[in-house]
Amino acid sequence: MTQWFKNLRYIPIKSVLVTFFILCALPTGLMMVCITPPGQVPDESAHLARAEGLLHGALLAERRVVLSRLTGRPALKAEVQVDQGLYAVTFQGDTSRIDGRPVVTRQDFQALMALPADHRRILVNISNTGTYFPAAYVPATLGLALGRATHAPPYACLLLARLFMLATFLVLGALALILASFGEAALLTLLILPMTLFLAGSINQDGVLIAASCLSCAMLTRGTKGYRLLAMGMMVVFLGAKPPYVLLLGIFLLPLSGAGFLRRLRDVVIAGLPLLFWVGLISLFVVVPFSKAAYLPGPLYTGDGSVMMYATNAGANLHILLAQPSRLLSLPWHAAAQHGVSWLQQMIGVLGNLQIVLPDRYYLSWGFALLVAFSGVALGPRPAQPPAQIWADCLFTGLVVLSTCWLILISLYVCWTPVGLDHIEGLQGRYLLPILPVLLFAIPAWPSRLRLHPLLAAIPSMILGMVGLIYVPMKLLWAYYLY
Amino acid sequence: MTQWQKLRRYSAKSWLIACFILCALPSGLLMAFITPPGQSPDEPAHFARADGLLRGKIMGERMGVLDLNTGGREWTSGEYVDAGLFESSFGRNTEIAGHPVVTARDFGLMRTHPSDHSRIFAENDNTVLYFPMVYLPATLGLALSLALHTSPYIGILFARVFMLTAFLTLGVLALWLAAFGEAALFAVLILPMTLFLAGSLNTDGVLIGMVALSCAAYSRGSWGYRWLALVLLALFLSVKPPYMLLLAAFALPLFGPGFWARARDAVLAALPVLLWVVLAAIFVLVPFSVTRYHPGPLYAGDRSIWLDQTDSAANLHILLSDPSRFIVLPVRSIALWGGYWLEGMIGILGLSQITMPQGYYVLWGVALAVAFSGSVFCRRPQAVPDRTALVNFLFIGFLLLGTGWLILISLYLDWSTVGRDTIAGGQGRYLIPLLPFVIFAIPQWRGRFALHPLVPAIPAILLGLCDLAYLPVKLAWTFYLH
Numbered sequence: 001m002t003q004w005f006k007n008l009r010y011i012p013i014k015s016v017l018v019t020f021f022i023l024c025a026l027p028t029g030l031m032m033v034c035i036t037p038p039g040q041v042p043d044e045s046a047h048l049a050r051a052e053g054l055l056h057g058a059l060l061a062e063r064r065v066v067l068s069r070l071t072g073r074p075a076l077k078a079e080v081q082v083d084q085g086l087y088a089v090t091f092q093g094d095t096s097r098i099d100g101r102p103v104v105t106r107q108d109f110q111a112l113m114a115l116p117a118d119h120r121r122i123l124v125n126i127s128n129t130g131t132y133f134p135a136a137y138v139p140a141t142l143g144l145a146l147g148r149a150t151h152a153p154p155y156a157c158l159l160l161a162r163l164f165m166l167a168t169f170l171v172l173g174a175l176a177l178i179l180a181s182f183g184e185a186a187l188l189t190l191l192i193l194p195m196t197l198f199l200a201g202s203i204n205q206d207g208v209l210i211a212a213s214c215l216s217c218a219m220l221t222r223g224t225k226g227y228r229l230l231a232m233g234m235m236v237v238f239l240g241a242k243p244p245y246v247l248l249l250g251i252f253l254l255p256l257s258g259a260g261f262l263r264r265l266r267d268v269v270i271a272g273l274p275l276l277f278w279v280g281l282i283s284l285f286v287v288v289p290f291s292k293a294a295y296l297p298g299p300l301y302t303g304d305g306s307v308m309m310y311a312t313n314a315g316a317n318l319h320i321l322l323a324q325p326s327r328l329l330s331l332p333w334h335a336a337a338q339h340g341v342s343w344l345q346q347m348i349g350v351l352g353n354l355q356i357v358l359p360d361r362y363y364l365s366w367g368f369a370l371l372v373a374f375s376g377v378a379l380g381p382r383p384a385q386p387p388a389q390i391w392a393d394c395l396f397t398g399l400v401v402l403s404t405c406w407l408i409l410i411s412l413y414v415c416w417t418p419v420g421l422d423h424i425e426g427l428q429g430r431y432l433l434p435i436l437p438v439l440l441f442a443i444p445a446w447p448s449r450l451r452l453h454p455l456l457a458a459i460p461s462m463i464l465g466m467v468g469l470i471y472v473p474m475k476l477l478w479a480y481y482l483y
Numbered sequence: 484m485t486q487w488q489k490l491r492r493y494s495a496k497s498w499l500i501a502c503f504i505l506c507a508l509p510s511g512l513l514m515a516f517i518t519p520p521g522q523s524p525d526e527p528a529h530f531a532r533a534d535g536l537l538r539g540k541i542m543g544e545r546m547g548v549l550d551l552n553t554g555g556r557e558w559t560s561g562e563y564v565d566a567g568l569f570e571s572s573f574g575r576n577t578e579i580a581g582h583p584v585v586t587a588r589d590f591g592l593m594r595t596h597p598s599d600h601s602r603i604f605a606e607n608d609n610t611v612l613y614f615p616m617v618y619l620p621a622t623l624g625l626a627l628s629l630a631l632h633t634s635p636y637i638g639i640l641f642a643r644v645f646m647l648t649a650f651l652t653l654g655v656l657a658l659w660l661a662a663f664g665e666a667a668l669f670a671v672l673i674l675p676m677t678l679f680l681a682g683s684l685n686t687d688g689v690l691i692g693m694v695a696l697s698c699a700a701y702s703r704g705s706w707g708y709r710w711l712a713l714v715l716l717a718l719f720l721s722v723k724p725p726y727m728l729l730l731a732a733f734a735l736p737l738f739g740p741g742f743w744a745r746a747r748d749a750v751l752a753a754l755p756v757l758l759w760v761v762l763a764a765i766f767v768l769v770p771f772s773v774t775r776y777h778p779g780p781l782y783a784g785d786r787s788i789w790l791d792q793t794d795s796a797a798n799l800h801i802l803l804s805d806p807s808r809f810i811v812l813p814v815r816s817i818a819l820w821g822g823y824w825l826e827g828m829i830g831i832l833g834l835s836q837i838t839m840p841q842g843y844y845v846l847w848g849v850a851l852a853v854a855f856s857g858s859v860f861c862r863r864p865q866a867v868p869d870r871t872a873l874v875n876f877l878f879i880g881f882l883l884l885g886t887g888w889l890i891l892i893s894l895y896l897d898w899s900t901v902g903r904d905t906i907a908g909g910q911g912r913y914l915i916p917l918l919p920f921v922i923f924a925i926p927q928w929r930g931r932f933a934l935h936p937l938v939p940a941i942p943a944i945l946l947g948l949c950d951l952a953y954l955p956v957k958l959a960w961t962f963y964l965h
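For the record, the sequence lines run as chains G and S.
Letter 357 of the first sequence, counting from 1, is numbered 357 in the working numbering, and no numbers are missing.
Letter 394 of the second sequence, counting from 1, is numbered 877 in the working numbering, and no numbers are missing.
Hint data in this document are derived by calculation from the structure and do not stem from the laboratory.
All values reported here derive from a predicted model rather than from experimental measurement.
Accuracy of the hints is not assured; some may be wrong.
Stated by the list, open to error - Which bits of chain S does chain G cover? Going by a derived footprint, with three or more residues having C-beta under 8 Å, they are:
1. 502-514
2. 628-640
3. 945-958
As the list claims (entries may be wrong) - To list a few chain S residues with every Cβ distance to chain G over 12 Å, as calculated:
4. Ile579
5. Asp599
6. Pro755
7. Leu819
8. Gly902
What the hints assert, rightly or not - Which chain G residues face chain S? A few, computed with CB under 10 Å, are given here:
9. Thr105
10. Met308
11. Tyr310
12. Leu482
Ideal Cβ placement from N, Cα and C applies to all residues, glycine included.
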């Protein structure tokens with residue numbers, strides 16, 4: 001027994017965190033995979049279409065002019081060919097509505113299980129996911145491939161795709177915790193947030209992307225050239241799916257005043273090139289305006305306000321912004337003031353298709369856990385030469401984070417919001433999650449000899465993670481199956 | 484030292500413990516919360532015992548009540564319990580297509596069931612005989628819920644979580660202490676049935692953990708651990724006296740020095756158990772009330788009469804009148820239900836209504852076989868001579884068979900209706916506490932080749948990981964989908 005105690009002493013704290021991450025994320029994620037009805041995750045059908053298209057070699061969606069079902073008018077669509085049976089399954093999760101919410105009855109469930117395979121190819125419009133760089137879909141694609149190879153029914157294929165996405169998330173998350181030189185508690189907290197785990201157990205790529213962002217930042221904390229390049233590669237893959245986050249590349253310039261700044265700048269520029277190439281490619285061949293229900297332009301539109309519109313118009317909204325440049329700040333500011341709290345709640349966890357809201361106390365508890373975990377970055381131990389040690393670097397990182405948020409909002413106004421609206425539409429709290437790991441570099445080391453044990457800062461989130469192990473799956477169970 | 488090197492320093496034991504927690508904690512918790520109250524075997528009866536203990540009732544009470552059938556007086560056992568909690572322990576459900584289903588209305592009623600701390604007498608003929616030690620975790624859970632003024636439904640959940648915590652603690656200690664056979668213990672501890680029981684008020688989960696810990700402590704071989712193992716087994720036996728023969732395992736090695744000292748220790752350990760059994764027989768034991776029935780074909784008297792209780796003496800008379808029945812009845816019952824019991828040992832959940840696919844039972848059977856047979860090739864602290872290993876194998880085999888036989892005979896005497904030609908009441912879960920003892924029957928491979936202790940556990944680990952999703956989802960679909 002003495003030997004065992006000796007062995008116990010050698011178990012690194014990091015391993016405890018990794019074990020805890022698996023303990024929280026694996027069962028919760030698995031329950032999400034199995035309990036969440038198909039299509040009850042944001043844009044799951046569009047994500048499935050992208051992953052299934054990839055299985056057949058469709059790296060890019062195809063731009064076509066088709067008659068819009070929404071408006072009855074010709075419209076540009078970004079389409080991909082998809083297995084009909086598989087695509088149909090993503091709409092089977094919302095067949096019965098009781099008290100205005102989707103529930104799964106036994107009949108629905110049996111119909112879902114019995115849904116036959118139908119391998120005919122149909123064209124599906126994926127104006128949003130069609131533009132995403134497909135790397136993050138590879139796990140789901142592999143899951144679908146396994147399903148096809150084993151002649152599994154469509155529902156089982158969907159579950160396999162979700163399962164593969166979850167497995168990827170777990171691997172990336174565990175690697176992030178293993179590799180991080182500091183800030184493990186903050187990363188753990190991000191990785192076990194209810195929203196993160198809900199996304200991780202779905203075909204929505206955001207779960208994998210959050211883990212990729214965490215891994216990228218974790219590698220950057222190590223500070224060596226090799227890890228820096230790996231981190232940059234990971235970040236570029238992430239940005240391929242989320243170009244509006246491009247300013248995050250700025251953290252690879254750190255330390256601003258250290259030797260080799262120009263070399264780091266060169267690396268960032270080089271890393272930006274494939275990204276620019278991808279953005280150029282999709283702009284040329286894929287990007288289309290998003291179809292909307294017929295609407296009249298908003299108050300900021302200076303043209304004929306009575307003209308009916310049927311799609312977004314990036315050019316028009318950009319013109320509105322440039323016509324009065326103060327709108328570049330006022331619109332995001334108003335949006336943040338109006339929806340900021342709701343975004344924060346969504347960041348922590350508003351599940352399903354944004355209809356499963358958790359109690360306020362739960363959000364407060366997680367907010368507190370996030371606060372403690374990130375405060376721990378300041379008080380926790382750091383390697384001898386941390387990449388972000390000086391205040392200028394911290395301020396710069398803060399600026400990077402703020403400007404990324406700003407750019408996301410502006411891009412949503414330009415690309416997603418109907419023409420001329422005086423507010424920004426479309427932002428969801430989960431969009432903020434991949435930005436949070438970058439905050440590790442915005443927090444300076446506390447200039448004292450006091451050093452907190454890395455586990456201490458993780459304790460609140462560990463407790464909440466354990467509660468979430470039960471609470472989050474039960475919440476979904478009650479939401480979808482209890483009626 | 485790199486992270487990878489640090490990770491490699493984890494011992495196999497630590498990995499097994501980590502896997503155990505990873506499999507057992509989430510599955511157990513989810514099952515504790517998903518399973519509606521009253522949908523685990525005898526849950527209200529177990530609750531009554533735990534709540535009775537909270538009021539200081541070490542033993543239940545025997546009480547005379549009016550027999551509605553005969554108008555005479557009959558005896559029943561039980562204890563006074565909190566009315567609100569007791570009613571909640573039955574749960575609420577709606578029968579839909581022959582299945583108990585929890586609708587939103589049922590769930591609302593369960594959650595809002597009001598507290599009612601008046602004491603009512605809960606008839607409880609079976610668990611009232613059990614030594615109450617093992618109910619302590621559930622009792623603590625109930626105490627906490629009362630202290631926090633929670634609703635009765637939350638009180639039941641608290642009690643379940645405390646039982647699960649006790650099981651996890653015992654399981655971790657067992658894997659930690661075991662000198663060999665960790666993979667086998669691990670497989671037994673994460674069997675679906677074990678985890679289902681662990682997340683309920685039924686004591687069987689904690690008892691399985693206790694037997695596993697007893698065997699693990701015994702595997703270390705030192706005097707202190709042997710006594711710890713004996714005490715744990717005695718506690719187990721005070722709840723399950725028909726397993727009494729298992730104490731003989733502590734006499735091993737039969738032909739080694741100190742046999743008489745070991746036999747004395749086993750007898751000493753049996754004394755408090757016997758004392759408890761006698762006390763329970765004198766003050767609490769009553770025949771089990773059952774729905775009215777005619778005596779079965781083995782009854783030599785008038786078979787047209789109506790009975791509404793079991794009758795140990797009558798069934799003992801039936802056995803003694805033709806001693807071959809001591810063998811014939813168990814063999815017939817095994818032939819009839821052996822397969823079902825094996826399935827039940829692996830996992831028939833709920834009130835024995837939630838069965839798994841056949842392939843699932845086969846896979847778990849393979850995992851158990853690998854875990855136990857793999858112990859042959861794992862290193863042990865002490866090599867046992869071949870002849871001793873053979874004697875151990877035969878002796879433990881005899882003990883396990885004998886215990887199985889004794890369980891069946893006691894079920895015939897105490898539980899089966901008078902004159903039946905089969906034994907009623909056998910459940911697969913009764914076999915699980917026997918499994919940890921199998922590690923002492925397994926001989927050791929003496930060659931140079933040795934398996935890493937983790938290797939035989941791999942199939943069980945994989946199945947345990949699958950069960951993380953499968954078991955809770957299976958329960959959720961059964962109880963909530965309609």
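Outcome of the hint check:
no.: 1; hint: 502-514; verdict: holds (count 7)
no.: 2; hint: 628-640; verdict: violated (count 0)
no.: 3; hint: 945-958; verdict: holds (count 5)
no.: 4; hint: Ile579; verdict: violated, 8 Å
no.: 5; hint: Asp599; verdict: holds, 25 Å
no.: 6; hint: Pro755; verdict: holds, 28 Å
no.: 7; hint: Leu819; verdict: holds, 33 Å
no.: 8; hint: Gly902; verdict: holds, 43 Å
no.: 9; hint: Thr105; verdict: holds, 7 Å
no.: 10; hint: Met308; verdict: violated, 43 Å
no.: 11; hint: Tyr310; verdict: violated, 41 Å
no.: 12; hint: Leu482; verdict: holds, 5 Å
Hint check: violations occur at hints 2, 4, 10 and 11; the rest are consistent with the structure.
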